[in-house]
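Residues per chain are reported as follows:
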Amino acid sequence: MSVENGHAERRTKGSPGRRMFLRWNLLTLLSGVINVSVIAIFLSRLLDWGPALWQRFFVVVAVWIVALVVASQMFQQAIRILVHWLDLEAAGTATEQDDLRAFGASIDVVREVLLSSFILWPSGALAVGLTLRMWVPSVTAWDVGTLLLAGALGGAFSSPFVTFLFKRDIAPIRARLARTIADPDLRAKAARPLPLAWKLQATVLITTVVPVVAMLSVAQRQVGMAVAAVVHEQQQQWLDDRIEQSPAALSLASLPISATDGSFALYDAETGSLVGGRGPDAEEVAMPADIKAGSGVGSGFVDGRYLAWRTSEDGRRVLVAMLRASALPARAIGATPELLGLLLLALLVSCASAQIVARDLSGGLTALRAEADRIARGALDRAEIFESEDELGDLGRAFDRMRQALRETVGRVTQAAERVEGAAAELGAVGGAVAAAAADQEQAVTRARASTDAVREQVAGITSSAQELSASVEESSSSILEMGAAGEELNQTASVLSGKIDEASSSIEQMIRSVTEMARHVEGLSEAAIETQSSVEEMAGSMREVDGNAAETARLSAQVVSVAEGGRQKVQETITGMEAIRDATDTVEQVIRGLGGRAKEIGAIVDVIDDVADETNLLALNAAIIAAQAGEQGRAFSVVADEIKELADRVMSSTKEIGTLIRAVQEESGAAITAIERGSESVWVGVERSAEAGESLEAITRTARESGQRIAEIVAAVQEQSKAAGHVQTLMDGIRVSVEQLRSATREQEEGNEVVLGGTATMRDISQQVYRTTEEQARGGNQIRAGVEVVRQAVERIYQALQDQTAACQQAAAFVGQVSEGARANHEAAGQAERSTGDLRAAAETLREEIGRFRL
Amino acid sequence: MGRHRILIVEDSPTMRQLLVFALKRLKDIDIVEAQDGMDGLRKVTSDHFDLALVDINMPVMDGLKLISLIRGEESLKSMPIVVITTEGAKEDRERALALGADEYLCKPIQANKVLQVAKGLLKVG
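Top to bottom, those sequences are chains A and B.
Letter by letter, the first sequence follows residues 89 to 944 of the numbering used here.
Letter by letter, the second sequence follows residues 903 to 1027 of the numbering used here.
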């Protein structure tokens, strides 16, 4: 199931790693091909699939092979390590660490191959089955189970061959590595053993369970197929009979059905819907998919029922007969060629795998026996080292360790034998000298004995007088000791007292220190309290200031409001005034316009008068002419006419003046109107400006009111704050008073402490004086005691020396006796030793010959 | 042709006075004043007006809100509205026109301009 990958391609052609990698892939590929064929044959016998389904099956297999090849890379760690090591070894760059890793991998390979065979094949088969079931709905769970079984069979069949064939390939590499790594303990550490039990269990599983299960399933299938064949044949027969009886139209009503026939269903061939049915199962079975494909006659096994169908002659209806599988009697089926073939195959595989395992084991055992023989013959040098992934491998390493240990032991024995031989020779030489010296010694000893006895008698006399002296010194020493003890006791008591006083005074000092410390703290506290109070006062002061400022600001803003308000009212009054002005000018304008109109009217009247005067003038002229014609009678009239003409002329000149005046009036009134209009315009602009000012004043009023409100809030907050500050001040006063009280109390305590301290110091001085006095006393006593002790020791030493001398004399005498005995014995022993040395030398010679037999 | 009724909605009394001053030049008119948006709404819904002058920045309810409410009322949809804005407040002006105001006047107010706009909207000589 493996293919070449990138590793192989990068390797130089013909390198040992590449050769091994190719070989391994070829082996797995070969076994994979054989396996797939076996599985396919197995499946073709078990599964009742059409060609379309088989085609899909092979498509799915092709897809999954790619996935499984990728998955199989997980199981190739050890192979990769080995391939890499082979390349390193060829290049001569393999380190000790590489060797160890490669050795571990060479042991692991067997496990890896076994595991991959047992895991990849069944899981691949299961994956193929499930994918196919998802793709093709007609694939049943039974089919998937059959595929899984086939995969497991394939894995089981292939695993022993691949494993042990590959193991044979690995064996020389493993042996090479074992020779390189001499220490069997290191090898044992690097190797992850595969228990022998696993190998045997796997083999037993393959040789027994797998063929049995495979044969059972084939047998089961064949029984089922045989029964199905019989049933289908019968059903077809029935259908033919029924249709022949009523050939015209295929309908259920025309079917003569007995109770044991099972069920019948009639489907529409095009839509697949059920037209009608008879019997218990007719309603439950859907029209089989194969019928839709258009085959006129057919049979199948669907949902635990055997079906047979026929299409009517016009091709519109399908009649289906169905019978439950459970309704059929079980029938024994004879052996068929498939079953026999499979049995034969299983037997072959069983025998082969058993043979392979047996060869594997016996090979290991033979190698180990050869090694044991070699060691028995005394060949302790290194030879071919047996290695295996199982307990035999452990045994092989144990042999190696034993061989190495034996080799070391024999080496040491050889050296020891050589040393013994040398020592024996030396001993022989010394033995002769000893014998001669022993004889001389014997004579000298006898002489020494006599003089020793004389010395012993003299010493006994001196000893008795020294004994008396010692007794008297002992007596005086004991009374001095008593006195010394009394002084010592007194001194100890004084020392204890002094110690107690020291303790007391140190605790008093401690207390005083604490009080002083406390006083310091109280002082600090007092300062802090005063500081706090002053800052609180300061704060209160600044608050008062803020309060004052705020009040002033509030007052000012109120003033601003009232001034602005006043201004605004003035503006409104101005506008109102302007309005009055406008109204007034409007009136004036109207009056002037009225006047202008009147002047025109007057002008018209004047024109009329002018016309009348003109006419009158003309008439007067006529009258004068007529009066002149009348003569004298007309003279008076002529005067009248002249007067009339004069009057008319005066009227005419007056009207001219009036006209001039009226024009002047009209001009004046026009100018007045223009002036008034200009004034009116100014009024408008004045109103606009006033309105602007008024609006600004309104804004000022609003802002000033708002700021007045804010200031009022600030004033309230500050007042609240300064109330709190007053409270704090009161509290601080209380604290200050308490601190003052505390300080004075501490001061008083300090004064009391001074007194106590003075008393303690005096007490300590006195106790120390007492202690010193007693100490001097004790020292005097000790000096006396020491003096006496010196005397006593001196006497003791003299006495001891005398006693030693006596004992020495006695001992010397005894020794002399013993030595004389010894000298005699020595003399004899020297002779004996000389003989033994000869024997030893002979034994050492034999030992060396024996050791010479071991090959180290 | 009857008398024309004009509503002035403006919070500043001075400004109201100015507008009244300007509009008094028209003949046959009745002028009603309102001092904020809410007051204006109350008056405009309880009586008939031929023209309304509305300031934008007012307390209680601003002019934009008032215009949108007036334009939401079916019977008031055709009433001409002149909006009074501060000079430079272009956004307010555009929003007011978008909400349905017919004309606008910028502060500082020119009385002549008021008169001219009112004449145009009331269609009088």
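By construction, these hints were calculated from the structure, which means they are not laboratory data.
Keep in mind that the hints are not guaranteed to be accurate.
Some, not all, of what chain A presents toward chain B, calculated at C-beta under 7 angstroms [said to hold, decoys possible]:
#1 Q660
#2 E661
#3 G665
#4 I669
#5 D671
#6 W772
#7 E776
#8 G782
#9 E786
#10 I788
For each residue, glycine too, the CB sits at the ideal point set by N, CA and C.
*asked:* Tell me the numbers of any earlier hints that the structure contravenes, in ascending order.
replied: Result: hints 2, 3, 4, 5, 10 break, sorted rising.
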